[in-house]
Amino acid sequence: MKYTATIGLEVHAQILTKSKMFSGCNAAYASAPANSCIDEVSIGLPGTLPVVNQEAIRKAALLGLALNCEIPEYCEFSRKSYTYPDLPKAWQITMYDKPICINGELEITLGNGETKRVGITRAHLEEDTGMLQHGDETHSLVDYNRSGVPLLEIVSEPDMTTPEEARLYAIKLRQILVFLGVNSGNLEEGALRVDANVSIRPEGQKELGTKVEIKNMNSFRNLERALVYELERQEKIAREGGTIVQETRGWDDAAGITLSQRSKEHAHDYRYFPEPDLPPLELSREWVAERRAELPELPDAKFARYISEFGLSKQDAALLSGERETADYFETIVATAGASNAKPVANWITGELFRLIKDGEETLAEVAKRVTPANLTSLIEVVAKGEIGSTVAKQVFEEMYRSGEAPTEIINAKGLRQISDSSVLSQAARDAIAANPKVVADYKSGKLPAIKFLVGQVMRATKGQANPQVVEEALKTELDALN
Amino acid sequence: MALHELTIAEARAQLDRGEITSVQLTEALLERISALEPTLHSYLTQTPELALQQAQAADERIKAGNASSLTGIPLGIKDVIVTKDVRTTCGSKVLENWVPPYDATVVSKLNEAGTVTLGKLNMDEFAMGSSNENSAFGGTRNPWDTERVPGGSSGGSAAAVAAGQAFGTLGTDTGGSIRQPAALCGIVGLKPTYGRVSRYGLVAFASSLDQCGPFARTVEDVALLLETIAGHDPKDSTSANLPVPDYRASLTGDIRGLKVGVPSEYFVEGMEPGVEKAVRTAIEQIKDLGAEIVEVSLPHTKYALPVYYIIAPAECSTNLARFDGVRYGVRLEGKGLFDEIESTRGQLFGAEVRRRIMLGTYALSSGYYDAYYRRAQQVRTLIRRDFQEVWSKVDLLAAPTSPTVAFKIGEKTDDPVAMYLSDVCTLPINLAGVPGLVVPCGFSDNLPTGLQLIGKPFDEATLLRVGHAYEQNNTWYKQHPSL
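So the sequences go chain by chain: A and B.
The first sequence begins at 0 in numbering that gives the first Met the number 0 and counts up by one.
The second sequence begins at 0 in numbering that gives the first Met the number 0 and counts up by one.
The following block holds chain A by itself, in its conformation from the complex (with noise of 0.2 Å):
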């Protein structure tokens, strides 16, 4: 028999924010020593209360909008009750039944080229938790750094059913996350989570089967990794006429498998009610209109323009839109250069620069004070009109992206300008003729490619700085002359 899987997400993102979830305590914990970043109220001390981080919202709704959702007139807090160490008051303040986002939806392109939508349920705001470190049998330590650090769940629909889908989906979601400035995307550090929630029927049934949420993985690929043998599991019991429990299971990386961690049976009754701390907040629809008019171009339609627009391949248009700073960093130098330059901007910044960059420690922030549009949009412009070749070019832009000093400057200080003038070039070609009889006589036997080496010899005598196709024109006159 034959098995449809049925995944769903759920990607819990911390918000990045100057301070926590409901109280003005420093949020930017990762680096910090333990308990550090705390204050009375990420702590839970009695008699503390909360008070909402507007930038946590405003960033929840961005979010929400880049993924099409609706956001609601009202949105309200519910505390969500159980007891364990790393939640100091015993409740997690969290959105239950009025969420800030709902009904959205996320499209992903799989590896064949098609593309699929995912629907997004909902995305509510709630704080995390601290963290525990477990030592010997007598004692635990925790640390609440964490805890109280604002944390947008988004949670899709059940649409997706391979374990690829998930995982393009989860890329996807981070790209849009990271782009927004919303999310760090970095999932070792625990910044971004992703638990999913798998189950299988046998195929043209339309009851879904027993569901098990699956937790502990760390990177996109171990998702992938996690599902794969989740759905080989159930297919197993399915196949040996056994009973999949419903129950929540985490992923040992090492052992490559997923063990059980908690049954339905032992699922908390977390007493949701109102949080009576904080009235619902009203969401008008004016400021709704100002989170829409705010939200940037993203990744997807970018990819498209520039394709559309300035004519890029596919993969320097994906390469270009999927970062905030990249595609701002081009469009900036666009704006200077002019739209028909597109091109080679596109082929300066994803060969050259992203090569030096990557050699380098400095940020593309960094980098762009001195390869800046003026300097680019001119390099381009004295490549285009012959003045120098691109060895030389390349040789220019180095020098740039180290100096920030303009291309012309570098040129003229150099002494690199391209050399066209034809006598100097005759007399070149000459030497190369002279010097090269085997090479000659296999052109004139015939053997025209033959030509490309004396051009190379040409080249190296002038240190690169002769235009290749003068050189060429200058070679064949000369061995014409010759009988």
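Heads up, some of the hints might be wrong.
Below, a list of computed lysine-lysine pairs in the BS3-like style, where the Cα atoms sit at most 30 Å apart [said to hold, decoys possible]:
hint, chain 1, residue 1, chain 2, residue 2
1, A, K214, A, K115
2, B, K334, A, K214
3, A, K17, A, K115
4, A, K79, A, K210
5, A, K357, A, K475
6, A, K79, B, K334
7, A, K357, A, K313
8, A, K357, A, K1
9, A, K97, A, K79
10, B, K455, B, K276
11, B, K286, B, K276
12, B, K276, A, K17
13, B, K455, B, K392
14, B, K258, B, K108
15, A, K17, B, K108
16, A, K384, A, K235
17, B, K234, B, K258
18, B, K108, B, K92
19, A, K79, B, K286
20, A, K384, A, K413
21, B, K411, B, K301
22, A, K97, B, K234
23, A, K17, B, K234
24, B, K234, A, K79
Source of the hints: derived by calculation from the structure; they are not laboratory data.
Got chain A sorted already, so can you dock chain B onto it with the hints?
Showing chain B alone in chain A's frame:
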């Protein structure tokens, strides 16, 4: 007249004229406290050193000519209000050793005004109770008859003022916890509108009902205290962003033309005839002062008690879940984490607290939420609507506070429902979120009774105006218990 018998306004005048110092006042009250504590037990923690330091600072401030209306006035604070570096127990064993690292907003406001803190006042554990008998450290006794209770939960706050152990005190009121003890101790007590005074730093019992308010011997003194503690607090999202009026300016003595509603439902079955007579007489006097008396109906009053005993326990079941002994407070030994938490909570919480946690946990449980919590909220809306409708007919309401005078210690401890009925006239006011002022209205069987004035949201000024006019036409406030 002994110093401890002065009103705040009288003490203010003498301080400002240089006839007495704050240190003298403070010493007098510290002596009074020492003398009466063995009998009354109003205080859980006394802070004489802090008080004398603050008194000295106040005297300098008064000399420098920049005293506020409360500079140098010795006050007491209910032990559910968080005080930095001063033990805050909430009347519970579980917090017996807790010394908070921060001040409640109301405490910061008192400190800014330059008041003197005499100590922390006794109360029913976590403000749950109507007699102070639920204090884990032994109840307070009523200064008018030490065989009787002072009321609760702010019993210590009320008894201290009645006995001259403080010029004024802060209490909290979730279902009557300021007003009922004010009535039973023959002093003035005000529960402000929900949102009028910051709740930041009040250890929460029922978040949607709790409100902090003052006790004093006169309406003018209560007005002075309210002016100081009221106002918007950015740390409390439920505090109203409204200006604080000059409450003393409303104490004109003129109440002609005001319409005072008398809700028939508040004269409940089983009310003591002496109490009813005192209240009816007071209402007649208010009429004689020129107000118009109108019989009104608040038809949903009878549901207030059951609604309250779902909503308040539900909220408390989550608010008190944090007391696990892990981060602060007392921790009992156990075999592993959950065993430790269970023994801490099981043994250190008193019977009434445990009863309400269990009631609330049940009311919020999956499958029962709709029948209990949601239903209670719906009825709460009807109770609120009763009040909204009545405001179109009258400016304020006049009603009894407690159906009885102070009862004997031990009289109701075995019957929780009888105890709950003590608050039947005060609970609806918390559910509606409106303000309630209690002023003494004479004696029944030589024990004090209190008239309850109930106002429109944020219209404490009218309550104070009427209460003051009534008070000044009587001499109740000049009578002191003989101790």
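The hints, checked one at a time:
1. Restraint check for A/K214 and A/K115: satisfied, since their Cα atoms lie roughly 24 Å apart, inside the 30 Å limit.
2. Of the pairs offered as hints, the one joining B/K334 and A/K214 holds, with about 29 Å between alpha carbons and a cut-off of 30 Å not exceeded.
3. A distance of roughly 36 Å separates the Cα atoms of A/K17 and A/K115; the hinted pair therefore is violated under the 30 Å criterion.
4. Restraint check for A/K79 and A/K210: the C-alpha separation of about 22 Å stays at or below 30 Å, so the hint holds.
5. At roughly 42 Å between alpha-carbon atoms, A/K357 and A/K475 are farther apart than 30 Å, so this suggested pair is violated.
6. Straight-line distance between C-alpha atoms of A/K79 and B/K334 comes to about 27 Å, which keeps the hinted pair within the 30 Å bound.
7. Between the alpha carbons of A/K357 and A/K313 the distance comes to roughly 21 Å, so the proposed pair stays at or under 30 Å and holds.
8. For a cut-off of 30 Å, the pair hint linking A/K357 to A/K1 is broken: about 46 Å separates their Cα positions.
9. Proposed proximity of A/K97 and A/K79 is supported: the alpha carbons are some 14 Å apart, at most 30 Å.
10. Using a Cα cut-off of 30 Å, the hinted pair B/K455 and B/K276 holds, with the two alpha carbons roughly 26 Å apart.
11. Our distance criterion of 30 Å between C-alpha atoms is met by B/K286 and B/K276, whose separation comes to about 15 Å.
12. Of the pairs offered as hints, the one joining B/K276 and A/K17 is violated, with about 61 Å between alpha carbons and a cut-off of 30 Å exceeded.
13. For the hint linking B/K455 to B/K392, the alpha-carbon distance of about 12 Å falls within 30 Å, and the restraint holds.
14. Straight-line distance between C-alpha atoms of B/K258 and B/K108 comes to about 34 Å, which puts the hinted pair past the 30 Å bound.
15. Distance hint between A/K17 and B/K108 is fulfilled; the C-alpha atoms sit about 28 Å from each other, no more than 30 Å.
16. Between the alpha carbons of A/K384 and A/K235 the distance comes to roughly 68 Å, so the proposed pair goes past 30 Å and is violated.
17. Under the criterion of a C-alpha separation no larger than 30 Å, the hint pairing B/K234 with B/K258 is inconsistent with the structure, at around 37 Å.
18. For a cut-off of 30 Å, the pair hint linking B/K108 to B/K92 stands: about 28 Å separates their Cα positions.
19. Pair hint A/K79 plus B/K286 does not hold up; C-alpha atoms about 51 Å apart against a cutoff of 30 Å.
20. Pair hint A/K384 plus A/K413 holds up; C-alpha atoms about 19 Å apart against a cutoff of 30 Å.
21. Between the alpha carbons of B/K411 and B/K301 the distance comes to roughly 21 Å, so the proposed pair stays at or under 30 Å and holds.
22. Restraint check: the Cα-Cα separation between A/K97 and B/K234 comes to about 24 Å, which is no more than 30 Å; the hinted pair holds.
23. A C-alpha spacing of about 17 Å is found between A/K17 and B/K234, which places the hinted pair at or below 30 Å, so the restraint holds.
24. A hinted pair counts as satisfied when its Cα atoms are at most 30 Å apart, and B/K234 with A/K79 qualifies at roughly 22 Å.
The structure shown violates the earlier hints numbered 3, 5, 8, 12, 14, 16, 17 and 19.
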